[in-house]
Amino acid sequence: MTAVDLPAAAATAAASAPNSAPRSRPGRVPKKVKRGIVVVVLLIFSAGFLYPFAWLLAASLKTRGQVFNNSLAPNPIRWQNYADIWRELPLGHWMFTSIVIASLAAIFVAVSSSLVAWGFAHFRFPLRNQLFTLVLATMMLPAAVTMVPTYLIWKHLGALGTWLPLFAGNLFGSAFYIFLQRQFFLGLPRDLFEAARVDGASYWRTFWQIVMPLSRPSFIIVLLFEFQASWNNLQAALIYLNTGSIEQFTAPLGIAYAMTKYSPTNGGHADYQFVMVAALLVTIPMLVLFSFGQRYFIEGVATTGRKG
Amino acid sequence: MTQVARQPEAGKVGKRAPAAKPRQRVKYNRRETLAGLAFISPWIVGFLVFTAGAMIYSLTLSFSKYNLARGTMKPIGFENYADLFDDPKIVAALSNTLIYTIMAVPLEIIVALGLAALLNQAGRGAGFFRTVFYLPKMTPSVATASMFLLLLNGNTGAINQFLGWFGIEGPQWLVDSDWIKPSIVLMTLWGVSGTMVIFLAALKNVPRELYEVAELDGAGVLRRFTHVTLPMISPAVFFNTVILSIAAFQVFDQAYLLFWRDQSGGAAGASDSSLFYAVYLFQQAFRRFNFGYASAMAWLLFCIIMVVTAVQRVVSNRLVYYEGEVK
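Protein sequences appear in the order of chains A and B.
The opening residue of the first sequence carries number 1 in my numbering; numbering runs sequentially from there.
The opening residue of the second sequence carries number 1 in my numbering; numbering runs sequentially from there.
It should be emphasised that the hints constitute simulated quantities derived from the structure, not laboratory data.
For clarity, every value in this text was computed on a predicted model and none was experimentally measured.
Keep in mind that the hints are not guaranteed to be accurate.
[Claimed, not checked] Only pairs whose alpha carbons sit at most 25 Å apart, straight line, appear in this in silico SDA-like list of lysine to any residue:
no.	chain 1	residue 1	chain 2	residue 2
1	A	K261	A	K31
2	A	K261	A	G65
3	A	K32	B	F128
4	A	K155	B	R288
5	B	K27	A	G65
Okay, chain B solo, but in the shape it has when bound (with noise of 0.2 Å):
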């Protein structure tokens, strides 16, 4: 990307001053300088307020007891952080989240892979096919909540009227503690076209030539797939799993839709099962108004996403393939 960004720079100082090429340092145009200044200024005081103010207002906050009525704030060091550790709710909350996100991230990215792998061999109906997997994802989430709060009903759902006429018995998705977050992965699920045209796009990008070599050598359908289209779709897969997996930490709208809607703390069948991580930060903050504590979650939740990020890209640094790459 860097490159793709010097490029253009490169020839024009190598145009106007060829003198200043061995140069270390590019002397900027002052003109140039303040006009790229003031076009970027709206980011640069976005960033300077929402961005690093914030964090630090969160920082501080997250020491801090914070008093609603009088909008002051009193120090009180790490008791916020301590107290995280003593909080069965947020045990609760992050091991349901890490549950999920185990569950759903490997499935959304099998099934995009899948049916972008599929799409991309149908030919001429590829176009309409992508259009009718894209659709779920137009989908406000309330919608799908309302929706799937009937479909996934234990006793008349459709879901479990499916699974019957295969003589399954369903089990109660919303009610039962170990299929809550089955459910909200049936959810993500429905909506994973997003990740589907990401794989789609890397696949057409897979050079027919090293198919039709790997064909040659003998290679069946696992294996071209397996040492050909793997390597060279890596760092989509890549891209995804992250992205995935930060969305994953911080799933709110299902659950809080299906379980946790209620004002005066949960519907129906709300307990510490289907407390999500983002769910009981918004219940902390908002209907508690807990700002002090609200904030040393969030950033018990930065660390963990960073942390995660990090394992992810050292992992990549190993499998994933990128084209043109000196090693």
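This is chain A alone, in the form it adopts within the complex (with noise of 0.2 Å):
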């Protein structure tokens, strides 16, 4: 129904049954004025979301003695902290540490989530439903309980001030994309898989070739969520590469090292406009994925919800 007959609708329906009389009651407010509400609120929340950013924004362009103001236009504006960074501090090396590991985490979880959650979506095998519900038990163990032990597996493996604990675990899957996975898998036409095999393909390559393919939608909700959550990871980075010299530090780990850096309390000379910078820096990133896969961090999030 359009905007436009919805008045002349509410109006027969009063006229012929005064029964329906809550829809034309004269004190009730007009559509368009609530949803006019509606809108000034969220702007008024809006603002409120956004204003850390412009003041990031504001603050990263600030000079030293500036930046405890909180004035959003900075004067005078001082571009020169965006070249001046790269020198206070090895932002670059941090960035592309965490870019690589990123990267790795989230090819490697998506890939061998994949692999698992095709495993139980498709096959039949003893004891499958009882292993996939091990698979969602997992979800809720808190990860300190393996923290000690994991970091001791990887001393074992003489692993530890490598990048490699931060990425490594990921080749084993993940409960939560197992799940994302599987749940997307089962949506698939069976047909077409056993059509794939009485054509004679092997169970390896119809995954590679038809499953894959067609789940590339949830496939890059992993990839994105997996990105985004190691690029967020502070704590492994804490446990792993905390010892190792500064320029291996994850930016994470480098942004938490320069917020202390420049602390009165440890000798700095609270020149927090070069930790501005930094966060700014390591927050474009995040932004710009989510501008290009905004419809896939939503979905994946909804879907998240699904499985209570």
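Hints are included, so try docking the two chains, each in its own frame, into the full complex.
Printed below as a string of structure tokens:
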């Protein structure tokens, strides 16, 4: 029903059936006004949510003396901060490290989780449903329980201080992504794969040539989610890279270091403008990722909720 | 979920071997079984080593004293667990974490649901607002913490400046022990959009007819919300409550970055009032290398989370409405 014939319909409804009075009660707020109020409230909230970004951008362009004033219009605008940052901090190294680790983490976990999910979705074997319940159960396990043993495993393998512990564990799949991919696979028509089998394609080939291309949307969701999670991962970097040289840090670990370095309580000179430049520069890749993959992020999160 | 999984099977079994249908046991094809196991083998290996193996290792560690230099364990019985109860920092960390959880989770649910309800009414503009609300969720926690370190500054921070416009003298957010937890709640709320998106999806699934019927019966906005919306989205409320509680019990990044990032034990103002459980566990494990003690701490956390989740589940069985459920 379009907006034009809505009042007309309401009028006829009111005329023909006096019982439906609520629709045309004079005290009611018209729909347009209601929507207007909603939009105004949302605009106020948006201002609150966006303010820190505007503040960050402004702060990153200020001098040391002005970084604590909350003006959104820095005067003078110090573009020089964006040139100096590379000499102040090894931010280039950090970003590079984070890009490599996040890419490997994303690809590893997406491929391994897809394989496992296909195993659970397509094949019938003893204890399959029990094993899948176990997959879901591992999602409840607090990371703290396995944190120390995992550290000791990597220590035994001589991988401390390397990037390996930050992505290699992803080769074994991850419960949430297995769940996500399996949900998607279950929605694919089974006949397609039966047909491929009849045509003589092996399970392996069927998976790579038919299943994977079809599951591209959910594969991308997994890639994006894990890239973001890895990019954001402070704790693993604290555990595995903290003892190495500063150049070896990931971006989150590096910025944590910078926060301390410039802190006056640690003998720094409160050059927080550099921390803000770095904070902005590590946020931008995520914003770019979101601008391209917004649909996937939203859909992925919404799918999470359907699990309950 | 399991139903969805079984449907294609049932169809197939019926097509291929109708005789097998009445039989209780499903006969498995050996080739198919092997192929299935091969596909899930990465998970099996990972589970055996990094989950089951690690859990057993962790449990053993929790009853041992670990010698870092030699890499050996000495069994000491329940000593680590006994020490937990004598450690005043455990009490502080646990109560801080609990208070934070009690503050954060209901607020997150309310704010996320409120925003989702507004978005659901916003018509064509909803997409734009959803994007805006989602941006904080994309921001790495280090960036969030760097920003809020200055935004929450008690003397010069923008948040107190804003409160000042209304004649409110803002607190010393990051220094006053009573305001440390609300500070972190505030940062968490900034990134509440994930929860919001789940609620939005749930709201979109509420059949319109229900609202129309309720409206005809004379139900106002509030009654429609409590009698139609809430029951229909109660599975999402339950799911979000469980997930957010588990996350809140493990809050780490913000607390660590704002108060404990200094290697030597704590940044300025670090005190027991900013000590959260996951932070203390991390310090015990990777700053002092008390692996046994840290493992005991981890198992205590595990038990707490299990109990809380179980309680939430019992409560939810009475309150959550699942469509199509037969009672």
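Q. Which earlier hints can't be squared with this structure?
A. 1, 5
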